[in-house]
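Asker: Sequence:
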Amino acid sequence: MNNLTIAVGLGACVLALAGCDDRKLETGMPTAGGASAIATLQTAAGANVGRVTATEVTGGLRFTVDAKDMPAGTHGAHVHTTGRCDAPGFETAGGHWNPTSMKHGTMNPQGPHQGDIPNLIIDSAGRGTVAATVPGATMAGLLDTDGAAFVVHAEADDLKTDPSGNSGARIACGVFQPS
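1 is the number of the first residue of the sequence shown in this note's numbering; add one for each residue after it.
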């Protein structure tokens, strides 16, 4: 390969990258002055096991989970439709947040729900984090008249089985509050 070939190749790469500046902002870019909401995760016994932050970003909402003192392993993590977390089973949080009437799971051709977040992986020290941007989700939809909750499940979400991904019992829950 000679120097001219390398220069032409590099020039094409630079032009391709320069063209990116003319595009619309990508989903997930921070929004100046965007609203946020926080859900404090608690177990059925009332222990604080972390928090979830929902933040307005361009084209949707970004959910960030920071968990602590939870059982090691892979856990389903979802936004649920009702802002209630009554122990012991947190059933009052309702089903997954699904304002677009899709099927459950990112691997489901008819999905996902807007409440479908990637699995939360908790390490041997009981800590884990996960973040995801949900395109089309809005803070107004999240904090509607009955609110919303975030639920961590006992098992991994299979990312395809409707309505809940076979993720098992609800082991932690938090109600979103504007921050």
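Accuracy of the hints is not assured; some may be wrong.
[Stated by the list, open to error] Pair ranges (Cβ atoms, derived):
#1 P88 to A32: 23 to 33 Å
#2 T92 to A32: 32 to 42 Å
#3 S101 to D123: 31 to 41 Å
#4 P30 to A154: 17 to 27 Å
#5 Q110 to A45: 30 to 40 Å
#6 T31 to A125: 27 to 37 Å
Bear in mind the hints are in silico, worked out from the structure with no lab data behind them.
Each residue gets a CB set at the ideal place from its N, CA and C atoms; glycine is no exception.
Asker: State for each hint whether it applies.
Answerer: Tested hints:
1. Against the hinted window of 23 to 33 Å, the Cβ-Cβ separation of P88 and A32 comes to about 42 Å, which falls outside the hint.
2. Hint check: T92 to A32, Cβ distance near 36 Å, so the stated range 32 to 42 Å holds.
3. For S101 and D123, the Cβ-Cβ distance of about 36 Å falls inside the hinted range of 31 to 41 Å, so the restraint holds.
4. Look at P30 against A154: about 34 Å separates their beta carbons, and that is not inside 17 to 27 Å.
5. Distance hint for Q110 and A45: a CB-CB separation of about 37 Å, consistent with the stated range 30 to 40 Å.
6. At roughly 34 Å, the beta carbons of T31 and A125 sit within the given window of 27 to 37 Å.
When held up to the earlier numbered hints, the structure conflicts with 1, 4 and fits the remainder.
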